Amino acid sequence: MKQSRVVNVLFLLPCVFSFIMIIIVPFFFGLYYSMTDWNGISNVVTFAGFKNFRNLFSSADFLYSFLITIAYTVINIVFVNVVSFGLSLIVTSKVKRRNFYRAGFFVPYLIGGIVLGYIWQFILNNILVSIGMNMSIPFLQTSFLSLPHTVIWTMAAVNTWQYAGYIMLIYVASIQSIPASLMEAANVDGANYSTRVFKILIPMMANAFTISLFLTLTTSFKQFDMNLTLTNGGPATRFLDMPVKASQLLAMDIFNTATANRMAEAQAKAVVLFVVLLVVSLIQVTVNKRKEVEM
Amino acid sequence: MMKKTRLNTALLALVFVFVTGFAFAAGSAEETGDVTVNMFQLKVEIKDALDTYAADYSETAEGVTVKVETLGGGGDYGGAMKAKAQADQMPDIFMIEGQGGYDIWKDYIADLSDQPWVGDTDLSFIVDGKVVGFPVAIEGYGLAYNAEILRKAGIDPASLTTRTAYEKALKTLDAKKAELGIDAPVAMAASVAGGMWWVAGQHNLAAYWGGGLDFNDTSIIEMALNGKLDQDRFRQYAKYLQLLFKYADQNILLNGSYDDQVGSFAQGRTAFLHQGNWVDPNLKQLGVTFEIGYAPHAFLDTEQKGLYLFAPSWYVVNAQSKNAQAAKDFLTSIAMTPEGHAYMVNEAGMIPAFKSVTLKPSGQLSQALMDANARGGNYGVFFGMLPDGAGQNIFGPIFDLFAQNQDNLDQFIADMNRAVANLK
Numbered sequence: 001m002k003q004s005r006v007v008n009v010l011f012l013l014p015c016v017f018s019f020i021m022i023i024i025v026p027f028f029f030g031l032y033y034s035m036t037d038w039n040g041i042s043n044v045v046t047f048a049g050f051k052n053f054r055n056l057f058s059s060a061d062f063l064y065s066f067l068i069t070i071a072y073t074v075i076n077i078v079f080v081n082v083v084s085f086g087l088s089l090i091v092t093s094k095v096k097r098r099n100f101y102r103a104g105f106f107v108p109y110l111i112g113g114i115v116l117g118y119i120w121q122f123i124l125n126n127i128l129v130s131i132g133m134n135m136s137i138p139f140l141q142t143s144f145l146s147l148p149h150t151v152i153w154t155m156a157a158v159n160t161w162q163y164a165g166y167i168m169l170i171y172v173a174s175i176q177s178i179p180a181s182l183m184e185a186a187n188v189d190g191a192n193y194s195t196r197v198f199k200i201l202i203p204m205m206a207n208a209f210t211i212s213l214f215l216t217l218t219t220s221f222k223q224f225d226m227n228l229t230l231t232n233g234g235p236a237t238r239f240l241d242m243p244v245k246a247s248q249l250l251a252m253d254i255f256n257t258a259t260a261n262r263m264a265e266a267q268a269k270a271v272v273l274f275v276v277l278l279v280v281s282l283i284q285v286t287v288n289k290r291k292e293v294e295m
Numbered sequence: 001m002m003k004k005t006r007l008n009t010a011l012l013a014l015v016f017v018f019v020t021g022f023a024f025a026a027g028s029a030e031e032t033g034d035v036t037v038n039m040f041q042l043k044v045e046i047k048d049a050l051d052t053y054a055a056d057y058s059e060t061a062e063g064v065t066v067k068v069e070t071l072g073g074g075g076d077y078g079g080a081m082k083a084k085a086q087a088d089q090m091p092d093i094f095m096i097e098g099q100g101g102y103d104i105w106k107d108y109i110a111d112l113s114d115q116p117w118v119g120d121t122d123l124s125f126i127v128d129g130k131v132v133g134f135p136v137a138i139e140g141y142g143l144a145y146n147a148e149i150l151r152k153a154g155i156d157p158a159s160l161t162t163r164t165a166y167e168k169a170l171k172t173l174d175a176k177k178a179e180l181g182i183d184a185p186v187a188m189a190a191s192v193a194g195g196m197w198w199v200a201g202q203h204n205l206a207a208y209w210g211g212g213l214d215f216n217d218t219s220i221i222e223m224a225l226n227g228k229l230d231q232d233r234f235r236q237y238a239k240y241l242q243l244l245f246k247y248a249d250q251n252i253l254l255n256g257s258y259d260d261q262v263g264s265f266a267q268g269r270t271a272f273l274h275q276g277n278w279v280d281p282n283l284k285q286l287g288v289t290f291e292i293g294y295a296p297h298a299f300l301d302t303e304q305k306g307l308y309l310f311a312p313s314w315y316v317v318n319a320q321s322k323n324a325q326a327a328k329d330f331l332t333s334i335a336m337t338p339e340g341h342a343y344m345v346n347e348a349g350m351i352p353a354f355k356s357v358t359l360k361p362s363g364q365l366s367q368a369l370m371d372a373n374a375r376g377g378n379y380g381v382f383f384g385m386l387p388d389g390a391g392q393n394i395f396g397p398i399f400d401l402f403a404q405n406q407d408n409l410d411q412f413i414a415d416m417n418r419a420v421a422n423l424k
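For the protein sequence lines, the chains are A and B, in the order given.
Reminder that position 159 of the first sequence reads as 159 in our numbering, one-by-one numbering, no gaps.
Reminder that position 284 of the second sequence reads as 284 in our numbering, one-by-one numbering, no gaps.
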């Protein structure tokens with residue numbers, strides 16, 4: 001089988017070309033614009049060095065968005081992975097109608113983030129509040145989305161509802177690829193259920209954890225659509241004595257900066273998001289990889 | 001063998017589709033006369049009316065076709081405009097919503113000072129003495145009231161001209177809530193979460209910028225752009241806002257959406273609504289039959305009787321387009337012909353900014369505004385002079401926080417002082 005170099009190049013060309021034009025070139029353009037004062041439209045672009053970056057770390061709204069994004073990511077990683085691992089144990093057990101459950105848990109993932117945000121906003125702001133009013137349950141009478149200290153948890157819960165089914169499928173696939181003989185042997189040796197899960201199942205699933213943690217980490221860091229429709233960044237809260245939006249994650253902060261025609265500043269924020277996400281996910285993957293075992 | 005034939009047939013069909021597609025495209029391009037004026041506008045609510053008017057105009061005007069593209073509501077008009085500029089597809093007529101938009105697009109904006117409609121309106125967009133923007137409509141607001149509820153509660157809306165009068169009226173309404181069948185006296189929204197920052201942080205705050213002053217007096221907002229608030233005036237304003245917050249339906253205030261706010265008023269569950277005349281179609285849709293009027297946002301210790309009137313957006317003509325003249329003629333036809341007047345008032349349901357228009361809009365709030373406009377003594381709305389995003393990103397959270405902590409008046413004033421100091 002002889003491969004012609006020309007043919008290889010020709011077949012790769014369309015992909016490589018679009019990848020370069022759509023990802024690589026804009027990326028470096030973005031780096032450049034983050035060091036200018038461009039407003040998104042003007043033909044006059046002045047180079048400003050690292051001024052935008054320096055300003056970022058003294059602006060309360062960016063610092064708050066940064067911290068709240070990290071908090072949201074941590075909460076979300078724990079919620080999603082614990083729930084989806086639990087679900088995967090249930091749907092791989094001998095429970096009746098487990099295929100139905102598998103499909104059922106996965107369905108929320110098929111709903112778009114925008115739609116999902118509006119649905120849950122309606123449930124949280126209208127349905128729960130009206131239940132609270134009619135049954136006189138005080139803690140339901142104000143929406144969880146209107147309190148600065150509950151809003152992030154609520155967002156993580158909604159995101160878990162959507163995303164856990166998808167991560168569950170990864171865990172299910174991983175559990176099914178573990179040879180049944182291992183579990184049977186452990187059973188014969190007298191290991192009880194929790195010992196089998198923690199000593200055999202989890203170590204054998206390490207590669208599934210690597211990918212699931214990576215996916216939840218990156219999606220939470222970049223969370224935007226559900227954030228926009230569910231909370232729109234609200235309510236307001238106080239941070240460093242400045243009023244800021246309590247649930248405005250980084251992506252939304254970038255978006256709002258850009259739509260206020262402060263393109264260069266928004267681009268600088270995007271660069272920071274990119275660098276942080278890159279570093280954190282590289283560390284996560286390296287650490288997780290070490291825990292994986294070869295069969 | 002069979003497979004190959006089928007593939008060929010499919011390919012042939014595909015080619016056929018392409019060719020006919022091109023042929024049709026070419027055909028329709030030829031039909032359309034000499035000049036095509038492209039208009040890009042953001043008022044979704046008038047899309048159908050404007051499309052129809054543009055089509056009628058294209059039929060009567062010799063060799064001119066007007067094509068209207070609409071993107072608005074939740075759409076990112078500014079973003080789409082930038083994309084068009086980058087793609088070298090700038091429309092011939094587009095819209096700006098204030099100084100911020102003008103500053104961005106000024107290279108593309110033509111001088112319209114010599115147009116025949118200029119003398120017929122007070123609301124053109126004027127920069128350095130040059131008219132550059134065609135006012136799309138008059139919008140405006142006061143505090144809308146449900147006349148039936150006020151009558152039952154024994155409140156005369158004409159008496160609501162000072163903050164003290166409001167305080168008394170709101171207290172009365174609050175005391176008679178059960179009897180009147182209302183949840184709360186006021187339907188007010190201020191939440192970032194519900195996307196309603198603009199009601200408080202833009203429209204209500206506009207009372208401070210322009211209330212009680214001459215229609216074109218921008219001294220207070222210019223002072224703010226220089227980093228300062230008039231402390232005495234602002235404290236009076238803050239007390240008025242506090243009043244509205246305290247007597248508002250708290251769920252609507254803290255996380256309600258536009259629909260929640262307008263719906264509550266339309267169903268008679270609140271006596272006052274803090275919204276402009278753009279809710280007329282919503283109220284009609286919700287089957288409102290009760291009598292509605294506008295009371296002024298009287299926040300000062302002294303008497304105030306005017307409503308707040310403004311042109312929310314302006315059409316501007318692309319100075320770099322070779323179709324600029326045709327574009328100007330189209331705008332003139334809207335302002336100066338009976339067909340144009342009929343389109344603005346009857347079809348689009350707007351209040352025209354041109355004095356020569358004699359038609360009356362059908363909505364109760366629009367009529368109230370038009371009467372106020374004829375009466376005079378109204379106030380200008382100047383939030384368009386603020387930097388882009390100031391309402392949403394700076395004032396929005398401050399008002400939201402004040403709505404959450406309504407007793408903390410001094411904190412609100414301190415926050416606003418600092419925010420305004422940063423505007424400089």
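Honestly, the hints are just simulated from the structure, not real lab data.
None of the values given here were measured: they were computed from a predicted structure.
Positions of the beta carbon are idealized from the N, C-alpha and C atoms, including for glycine.
The reader is advised that the hints may include incorrect statements.
[What the hints assert, rightly or not] Computed list of chain A residues with no C-beta within reach of chain B, every gap over 10 Å:
no. : residue
1   : Ala48
2   : Pro138
3   : Leu145
4   : Tyr193
5   : Thr218
6   : Met242
7   : Ala251
[As the list claims (entries may be wrong)] Straight-line alpha carbon distances no greater than 27 Å define the calculated DSSO-like cross-link-like pairs of lysine-lysine that follow:
no. : chain 1 : residue 1 : chain 2 : residue 2
8   : B       : Lys152    : B       : Lys246
9   : B       : Lys424    : B       : Lys47
10  : A       : Lys51     : B       : Lys47
11  : B       : Lys176    : B       : Lys130
12  : B       : Lys106    : B       : Lys67
13  : B       : Lys360    : B       : Lys130
14  : B       : Lys176    : B       : Lys106
15  : B       : Lys106    : A       : Lys222
16  : B       : Lys355    : A       : Lys51
[Said to hold, decoys possible] To give an idea of the chain B side of the interface with chain A (calculated C-beta under 8 Å), a few residues:
no. : residue
17  : Ala80
18  : Ile104
19  : Glu167
20  : Lys171
21  : Ser191
22  : Ala193
23  : Asn251
24  : Glu347
25  : Gly349
26  : Gln392
27  : Pro397
28  : Leu401
29  : Asp407
30  : Asn408
Taking the hints in turn, this is what the structure says about them:
1. Ala48: Nearest chain B Cβ is 18 Å from alanine 48 of chain A, so the label holds.
2. Pro138: Non-interface label stands for proline 138 of chain A: nearest chain B Cβ at 14 Å, farther than 10 Å.
3. Leu145: Answer for leucine 145 of chain A: violated, closest chain B Cβ roughly 6 Å.
4. Tyr193: The assertion about tyrosine 193 of chain A holds, with a minimum of 44 Å to chain B.
5. Thr218: 25 Å, holds
6. Met242: Methionine 242 of chain A not clear of chain B: closest Cβ-Cβ about 8 Å, inside 10 Å.
7. Ala251: 15 Å, holds
8. B:Lys152 <-> B:Lys246: 22 Å, holds
9. B:Lys424 <-> B:Lys47: Violated, at roughly 38 Å.
10. A:Lys51 <-> B:Lys47: 43 Å, violated
11. B:Lys176 <-> B:Lys130: The hint is violated at about 54 Å.
12. B:Lys106 <-> B:Lys67: It holds: about 23 Å lies between the C-alpha atoms, which stays within 27 Å.
13. B:Lys360 <-> B:Lys130: 30 Å, violated
14. B:Lys176 <-> B:Lys106: 54 Å, violated
15. B:Lys106 <-> A:Lys222: Measuring from Cα to Cα gives roughly 35 Å; hence the hint is violated.
16. B:Lys355 <-> A:Lys51: The given pair, whose Cα atoms are some 50 Å apart, is violated under the 27 Å limit.
17. Ala80: Violated. Min distance 12 Å.
18. Ile104: This hint holds: isoleucine 104 of chain B lies near chain A, its Cβ roughly 5 Å from the closest one there, short of 8 Å.
19. Glu167: This interface hint is violated because 26 Å lies over the 8 Å limit.
20. Lys171: The hint is violated - lysine 171 of chain B has no Cβ within 8 Å of chain A, the shortest such distance being about 24 Å.
21. Ser191: Since the shortest Cβ distance to chain A is 5 Å, the answer is holds.
22. Ala193: Nearest chain A Cβ about 3 Å off; hint holds.
23. Asn251: Nearest chain A Cβ about 6 Å off; hint holds.
24. Glu347: 31 Å, violated
25. Gly349: Check failed: Cβ of glycine 349 of chain B comes no nearer than 27 Å to chain A, outside 8 Å.
26. Gln392: Hint holds; glutamine 392 of chain B Cβ to chain A Cβ min 7 Å, cut 8 Å.
27. Pro397: 4 Å, holds
28. Leu401: 4 Å, holds
29. Asp407: Since chain A brings no Cβ nearer than about 15 Å to aspartate 407 of chain B, farther than 8 Å, the hint is violated.
30. Asn408: Since the shortest Cβ distance to chain A is 10 Å, the answer is violated.
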